[in-house]
Amino acid sequence: MSAWRGYGLALVMLVGAVALIGWNSSRFLTAKPVIRAKDLDFLPAPETARVLALGHTNTLAKLRWVDSFAYFQYQLDRKDDTVAGGGTGFKRLYETLIELDPKFQPFYEHAAMNISGVLDQHGVALAFLLRGTQELPQSRELWRNVATTLKIFFHWDTKQPLLFDAFLAQWEAAEDLPEAKRMVWDWKRGFGSRAFTGLEQLPYWLDQLRVTSAGTPNGDYVEGTIRDLLARFGTHELNALAASWRISRGGVPRDRAELVENLALLNPLQLVVEEGPDLASLGDLLDPRLVRRRYPNGLPTYGPLTVVDGKLTLRSDPYGRPWRLRHGRVVSSGQVHASYERRLGRVNVSLLELAQKQGHWPTTLDEAKVMGLSLPVLPDDGTLRLDGRLVVVDWAVEAGVPWQLRQGPN
Amino acid sequence: MIAVIAWATCREAVRSRTFLLLLAVYLLGVLLSRIVGWISATDGNVITTDVVFSLQSIMGVLVAVATGTALVHVEIQQKTLYTVLSRPLPRWQFVLGKYLGLCLALAAGQMAMLIIGLIYLAATGAPVHHWLLIAGLLTIVEVLVMAAVSLCWTALSSPLLAAVLGLATYALGHAVHSLPGLVHHLKGTQQTIAIVLASLVPDLGQFAYRNEAVYRTPITLDDLLMRLAYGGLWCALLVVITVAVIRRKQL
Chain A
3 MSAWRGYGLA
13 LVMLVGAVAL
23 IGWNSSRFLT
33 AKPVIRAKDL
43 DFLPAPETAR
53 VLALGHTNTL
63 AKLRWVDSFA
73 YFQYQLDRKD
83 DTVAGGGTGF
93 KRLYETLIEL
103 DPKFQPFYEH
113 AAMNISGVLD
123 QHGVALAFLL
133 RGTQELPQSR
143 ELWRNVATTL
153 KIFFHWDTKQ
163 PLLFDAFLAQ
173 WEAAEDLPEA
183 KRMVWDWKRG
193 FGSRAFTGLE
203 QLPYWLDQLR
213 VTSAGTPNGD
223 YVEGTIRDLL
233 ARFGTHELNA
243 LAASWRISRG
253 GVPRDRAELV
263 ENLALLNPLQ
273 LVVEEGPDLA
283 SLGDLLDPRL
293 VRRRYPNGLP
303 TYGPLTVVDG
313 KLTLRSDPYG
323 RPWRLRHGRV
333 VSSGQVHASY
343 ERRLGRVNVS
353 LLELAQKQGH
363 WPTTLDEAKV
373 MGLSLPVLPD
383 DGTLRLDGRL
393 VVVDWAVEAG
403 VPWQLRQGPN
Chain B
51 MIAVIAWATC
61 REAVRSRTFL
71 LLLAVYLLGV
81 LLSRIVGWIS
91 ATDGNVITTD
101 VVFSLQSIMG
111 VLVAVATGTA
121 LVHVEIQQKT
131 LYTVLSRPLP
141 RWQFVLGKYL
151 GLCLALAAGQ
161 MAMLIIGLIY
171 LAATGAPVHH
181 WLLIAGLLTI
191 VEVLVMAAVS
201 LCWTALSSPL
211 LAAVLGLATY
221 ALGHAVHSLP
231 GLVHHLKGTQ
241 QTIAIVLASL
251 VPDLGQFAYR
261 NEAVYRTPIT
271 LDDLLMRLAY
281 GGLWCALLVV
291 ITVAVIRRKQ
301 L
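Chains A and B, in that order, are what the protein sequence lines are. Numbered continuously in our numbering, the first sequence closes out at residue 412. Numbered continuously in our numbering, the second sequence closes out at residue 301.
Derived by calculation from the structure, the hints in this document are not laboratory data. Backbone N, C-alpha and C define an ideal beta-carbon position, used for all residues, glycine too. Accuracy of the hints is not assured; some may be wrong.
[Unchecked claim] Derived CB-CB ranges, DEER-like: (1) 5/A / 143/B: 50 to 58 Å; (2) 234/B / 68/A: 28 to 36 Å; (3) 122/A / 180/B: 44 to 52 Å; (4) 291/B / 137/A: 36 to 44 Å; (5) 75/B / 376/A: 57 to 65 Å.
[Claimed, not checked] To give an idea of the chain B side of the interface with chain A (calculated C-beta under 10 Å), a few residues: (6) 87; (7) 91; (8) 132; (9) 133; (10) 227; (11) 228; (12) 239; (13) 255; (14) 268; (15) 272.
[Claimed, not checked] So these bits of chain A aren't anywhere near chain B, every CB distance computed over 12 Å: (16) 49; (17) 50; (18) 54; (19) 56; (20) 59; (21) 60; (22) 103; (23) 265; (24) 276; (25) 297.
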């Protein structure tokens with residue numbers, strides 16, 4: 003009798019447990035994705051937080067930080083950082099977190115990113131970054147962040163060049179490795195003395211390049227991004243030189259920016275050429291007078307022009323392919339190719355979907371088109387073909403040696 | 051005789067359900083610590099290390115308080131104390147033996163936690179270095195001080211109250227570490243009273259080197275020895291107080 007009672011009890015427990023587990027899991031199975039947003043409902047003052055942490059300051063800071071991620075979403079929706087009791091939310095949050103764990107670098111980076119990026123309070127963001135350089139003077143990322151903030155938001159390179167140089171000297175002093183000091187010199191060359199539009203992100207990506215390995219997906223992505231950035235910069239510079247060349251020969255500025263940049267080249271006595279003149283070849287851009295005028299302090303390190311054996315030379319584009327003239331504009335054929343190859347990736351996904359839908363793979367490109375595959379407009383130096391189950395492109399000219407990003411520019 | 055009591059106490063403590071249960075909770079906590087790292091916007095190594103070392107301290111203190119407060123009380127409840135004390139055994143030897151046994155058990159448990167924690171960190175790719183080992187050892191000292199605190203409170207009050215007072219002492223012990231930086235807010239007599247009261251509590255922040263060790267911030271040998279001596283002195287003082295109270299107690 004007692005055995006039966008035992009079995010009965012076990013059965014009741016089993017049924018109860020299954021019911022409760024089912025109840026609990028049903029909440030997850032039927033749940034719809036929700037973006038979590040919350041305000042800072044509890045945020046003690048930094049000093050109080052330290053007292054309340056019971057010796058686990060680091061852990062508490064990180065747990066509070068992870069919990070505050072939803073506040074970021076809240077700010078994206080609301081963009082009003084005022085919190086109950088006065089003050090600003092992000093400022094109070096990161097002051098508390100940093101007081102608890104001042105050696106954790108991501109606190110400074112996230113403080114700057116959120117306060118500057120979401121709320122446009124660049125002064126507050128800068129204050130956090132500067133505190134970071136005091137707590138972690140060896141952190142290259144924080145110094146670079148400060149330099150970028152000073153450059154982008156405070157324009158110290160043009161408004162306060164001496165102070166900016168002093169700041170860079172401070173950074174250089176904080177670096178103990180020769181190669182790190184050399185990097186600061188690069189900054190001095192690139193940012194301290196003059197500004198190049200379009201390369202603001204380069205230091206960040208070069209830093210990412212250092213922490214990735216060649217041949218890995220991450221490494222390839224970072225390299226691709228840098229090449230794209232440099233190609234854009236090179237295209238911009240060559241087109242600016244082309245505009246100067248055209249205007250110096252009587253051409254009409256195409257927009258206000260061209261007019262402002264080349265005002266000194268306008269000759270009132272020269273006959274105006276309404277259409278053109280057009281560049282015959284890219285070699286026309288190697289006009290020392292125009293180049294010297296554009297780069298009075300020397301050629302940019304990562305620019306398209308270089309000096310070989312004392313002679314001004316046009317390098318290949320960062321992909322190792324030639325720059326080309328297309329409808330009067332300079333383009334990087336490597337960049338065009340890379341962009342097209344990226345689009346082919348999407349085409350191949352479509353091809354796979356079509357093959358799955360229709361139950362067979364096409365044997366020719368025409369057959370693929372008949373199946374409904376649409377192809378992006380091909381650059382004039384490319385030929386498409388079907389290689390097995392992939393659409394691939396062949397380029398008329400083989401690529402040369404791309405710029406060696408991992409050993410500095412070639 | 052002290053060694054016999056210590057060994058018996060150690061075996062008893064290690065076999066107790068509370069001890070094993072909290073060790074199991076620690077293990078679960080360590081396994082889950084990586085999740086905190088994953089959901090953070092970093093590689094997670096620093097965060098996992100922080101959580102693992104905090105768990106060692108928190109679980110260690112909970113074991114110390116739970117076991118320390120029950121130590122003498124169980125002997126009285128089960129009337130085994132009278133068997134022991136009916137022998138020609140001074141009470142101080144009994145108390146000291148009990149405390150040393152508890153220390154042995156706690157140290158063994160803490161070493162197990164430290165080794166598990168370090169192996170887990172190494173297995174998950176977090177950097178493991180000798181500063182973490184030193185941080186773990188200082189946490190063991192913190193736990194031993196808390197065991198002495200619990201023992202002392204048990205002598206002065208009931209086990210339940212002693213557990214509450216033990217945890218309150220833990221909170222106060224860490225809070226007073228921040229007090230020197232805040233005491234300037236007070237003036238005159240208030241400041242003097244605050245300093246005197248804070249000085250009566252063991253400064254457990256001395257053993258929270260784990261917060262710096264994560265970042266490989268070095269600790270000098272002098273500093274380490276000072277902290278160990280500080281812990282040792284508190285343990286000795288609290289055991290002496292316990293002996294004094296137990297000697298006067300009508301059992």
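These are the hints, each one checked on the structure:
no.	hint	result
1	5/A / 143/B: 50 to 58 Å	52 Å, holds
2	234/B / 68/A: 28 to 36 Å	33 Å, holds
3	122/A / 180/B: 44 to 52 Å	45 Å, holds
4	291/B / 137/A: 36 to 44 Å	41 Å, holds
5	75/B / 376/A: 57 to 65 Å	59 Å, holds
6	87	9 Å, holds
7	91	7 Å, holds
8	132	39 Å, violated
9	133	38 Å, violated
10	227	7 Å, holds
11	228	5 Å, holds
12	239	22 Å, violated
13	255	6 Å, holds
14	268	13 Å, violated
15	272	22 Å, violated
16	49	6 Å, violated
17	50	9 Å, violated
18	54	8 Å, violated
19	56	4 Å, violated
20	59	5 Å, violated
21	60	4 Å, violated
22	103	7 Å, violated
23	265	47 Å, holds
24	276	56 Å, holds
25	297	40 Å, holds
The structure fails hints 8, 9, 12, 14, 15, 16, 17, 18, 19, 20, 21 and 22 (numbered hints given earlier, in ascending order).
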